Amino acid sequence: MLRLENVRFRYSGSDTTYDFSMQVAAGEITCISGRSGSGKSTLLDLIAGFLKPVDGSLTWRDINFTQLPPDKRPVTTVFQQHNLFEHRDAIDNVVVGINPKIPKKGRDAELAESVLASVGLQDFIHTRVNLLSGGQQQRVAIARAILRDSGVILLDEPFSALDQQTRADMLHLVRTLATEKARAVIMVTHDLRDCEAIADSHYEIEHGQLHKRVV
Amino acid sequence: MAAVFVLLAATLLYQLASHPDSLTLSLGPRFARTLYWTTVQATISTALSILVGTLLAWALSYRTRFAGRGVYIALLSSAMVLPTLVIALGIVTVLGRSGWINEALQWLEFSPFEPFIFGLSGIVLAHVYFNASYVARTLLGRFESIPVEQRKLTRSLGLNAWQRFKMIELPSVSGTLPGVSITIFLLCFTSFSIVLMLGGSPKYNTLEVSIYEAIKLDFDLGRALGLALTQLSICAVLIILASRLRKDNRLISAPTANRYQLKDPVMLTGIQYIVIVLFGLIFLLPLTAVVIDGMSASFIKLAGDKNFLLALSTSLVIALLSTVLVLFSSVLIAIAYATLATQQRLANNRISQPLLKLLRFSSTLYLAVPSLVLGLGFFLLARGVGGAQILWAVIALLTSNVLMVLPFAIAALAPAMVKCANRYDKLAFSLGLKRWNRWRLIESSLVKPELIYIASLAFCLSLGDLGVIALFGNQDFITLPWLLFQKMGSYRTDEAAGIALIMLAITLAVFLLLPRLFAGKLIKTEKAHHAKA
Chain A
1 MLRLENVRFR
11 YSGSDTTYDF
21 SMQVAAGEIT
31 CISGRSGSGK
41 STLLDLIAGF
51 LKPVDGSLTW
61 RDINFTQLPP
71 DKRPVTTVFQ
81 QHNLFEHRDA
91 IDNVVVGINP
101 KIPKKGRDAE
111 LAESVLASVG
121 LQDFIHTRVN
131 LLSGGQQQRV
141 AIARAILRDS
151 GVILLDEPFS
161 ALDQQTRADM
171 LHLVRTLATE
181 KARAVIMVTH
191 DLRDCEAIAD
201 SHYEIEHGQL
211 HKRVV
Chain B
216 MAAVFVLLAA
226 TLLYQLASHP
236 DSLTLSLGPR
246 FARTLYWTTV
256 QATISTALSI
266 LVGTLLAWAL
276 SYRTRFAGRG
286 VYIALLSSAM
296 VLPTLVIALG
306 IVTVLGRSGW
316 INEALQWLEF
326 SPFEPFIFGL
336 SGIVLAHVYF
346 NASYVARTLL
356 GRFESIPVEQ
366 RKLTRSLGLN
376 AWQRFKMIEL
386 PSVSGTLPGV
396 SITIFLLCFT
406 SFSIVLMLGG
416 SPKYNTLEVS
426 IYEAIKLDFD
436 LGRALGLALT
446 QLSICAVLII
456 LASRLRKDNR
466 LISAPTANRY
476 QLKDPVMLTG
486 IQYIVIVLFG
496 LIFLLPLTAV
506 VIDGMSASFI
516 KLAGDKNFLL
526 ALSTSLVIAL
536 LSTVLVLFSS
546 VLIAIAYATL
556 ATQQRLANNR
566 ISQPLLKLLR
576 FSSTLYLAVP
586 SLVLGLGFFL
596 LARGVGGAQI
606 LWAVIALLTS
616 NVLMVLPFAI
626 AALAPAMVKC
636 ANRYDKLAFS
646 LGLKRWNRWR
656 LIESSLVKPE
666 LIYIASLAFC
676 LSLGDLGVIA
686 LFGNQDFITL
696 PWLLFQKMGS
706 YRTDEAAGIA
716 LIMLAITLAV
726 FLLLPRLFAG
736 KLIKTEKAHH
746 AKA
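Chains as they are written, first to last, in the working numbering: chain A, 1 to 215; chain B, 216 to 748.
Since the hints were derived computationally from the structure, they do not count as laboratory data.
Here are the computed distance ranges between Cβ atoms for each label pair:
1) B:PHE380 to A:ARG8: 30 to 40 angstroms
2) A:ARG8 to B:LYS478: 12 to 22 angstroms
3) A:GLY134 to B:ALA247: 54 to 64 angstroms
4) A:ASN64 to B:ALA319: 47 to 57 angstroms
5) B:ILE610 to A:GLY134: 53 to 63 angstroms
6) B:THR258 to A:GLY106: 35 to 45 angstroms
7) A:ALA161 to B:LYS478: 25 to 35 angstroms
8) A:ARG8 to B:ASN375: 29 to 39 angstroms
9) B:SER326 to A:ARG128: 53 to 63 angstroms
10) B:ARG638 to A:GLY120: 36 to 46 angstroms
11) A:GLY134 to B:PHE331: 52 to 62 angstroms
12) B:PRO569 to A:SER133: 29 to 39 angstroms
Every beta carbon over 12 angstroms from chain B, so not counted as near; a handful from chain A, in silico:
13) GLU5
14) ASN6
15) ALA26
16) SER36
17) ASP55
18) GLY56
19) THR127
20) ALA197
21) HIS207
Output of the computed footprint for chain A on chain B, the stretches with three or more beta carbons under 8 angstroms from beta carbons of chain A:
22) 354-365
23) 371-381
Fair warning: this is a prediction, and the values are worked out from it, not measured in the lab. The beta-carbon is built from N, C-alpha and C at its ideal position, and this holds for glycine as well.
Modelling step: build the complete structure from the supplied sequences, incorporating the hints.
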């Protein structure tokens, strides 16, 4: 279970104080919506460790990770864009998730290959990612998230630029990932149809706080 | 510009035909030695400039919040317009035999070091001073444009500083570095005033200085001609190479706001601050030396010096005329550029691509035709055609100044004009706006910041250049850099320090304050419009 308990944050020079409390169980998908500038990305940055809360705690399976740096947290983020190193091929982009030395052979490389195959990219393992379509690129990012084996996956509007069919395929992939690998998924989206399609719970950010909505 | 180039090339070739033995004579062992040292110093200078500049840009891109960062970066930008002679004088004041460092060492009862600023090391040091700042300013923009998601991604993947550099920072500048390297190599290869002042012995002469000496000291026009044509050929090859190496970069987005200063290990942060402080000290010391030495100069005596007043007024008039000419020609070229590059206009036309390439090449002509070669062309034209020497001198100086600034002016203006065309072309066509109205109603206001930048750049570079004037300067036609060079040569250090300070003050005031003044005015006008609305 991922728990946020009164995680408070305030940007210097701003009047708004964010105060987030929520919980997401393993295998569950939670959607976050809200108006532009309401604090959706701030929430993800706080969980991922790019911003440091002034107060409150973040725990995963009852272990507090509030003070840990981003790479030591049980968290993987998939952004809307710029998820990949465009000058590298698909396998490099996946294997870097578990080994920054990017080995070309050995166990890590084999694992990366099998994960890429599991998301349907077995024919594109050695293709430079800038030659892949938008949907395929997001599959590579998700493959890396699968390989990293982090308990929490943050999706920051990752499918908003994709066409309807690819989007549906990607949502299905996320659902499978959450259920089969028992990941807690938090997905920021502007599109309530995405919420309806896969979310187990839905929060809306208003005035710096999370409000639970009925799915 | 192409016409000027063809005319000068024709003049040089015609003269070469009249002196058929000049090329053979110039290509002797002396020439080989000159070419060897020119290449060696340019290679070392380029390598060190790239290394230091990249390191500084990297450190600045990570340290996004510290007091005075804005001023620091503004000063880095100003390095390209600082008069080379003035900075060379500052470097001598700091590192010379009885310079600041040696005085400090003596005060601390250490033995003073042997000065190393005259010769190869001095030339390289001065080149790195100017060019590392240019590299840092250019690459910092690229580093700052790395999408914030990529920075977050590398952190969350636990990549260390070197791995991050390989994965996101190096790719973001890989398209820029080859072009920047060749530009710097060309600038060092054709370096004139720095080598003239810090060379120390003829051993380290560049081809450019050899041309100057062949004309001014030996009056050996044949040798000068041979050297000029050789230099012209080498530079032209490098320019073509540079234009082929220019690439677009995909890993670039709009510069991100300084919202994130992601936490790094203390040692890495320390290294970054050391790099910033160390380079800042190296950069500021010569400037401070010029200011302190200049303060003790007798400005009343200078104000009564006819030569100084003539040099000051000539420099200001030439700089102003050059600015107007640069603005006019860069706007015309940028309009042509936008016309050839924009989808709605001629971008798909068969001849537009070769024309665009030609335009790009012609705008970097100055780098292929260094000022001394250009000056030699005009010098020979003046001898052949006749007429008042001073008129030829003015034409040569203005042409040299315009060609010197145009590559930078077009690099700033052309993308802005293309962006403007992409945004407003359809609207302008549908409203039937013709060229003048389009410029008046749309483009002139949208590219105003670029025009202000170009004006200040043109003014400062024209004010401080010691190139063509070294060939044409005499008692009747004298500019501030030429006067400064003469005063330094005759060891009138007090007057030289005063002139150096005045040049530095004018340059910094125009380059740093003028754009801010206009920017402030623009913001005020916009606010007034909003208030009215």
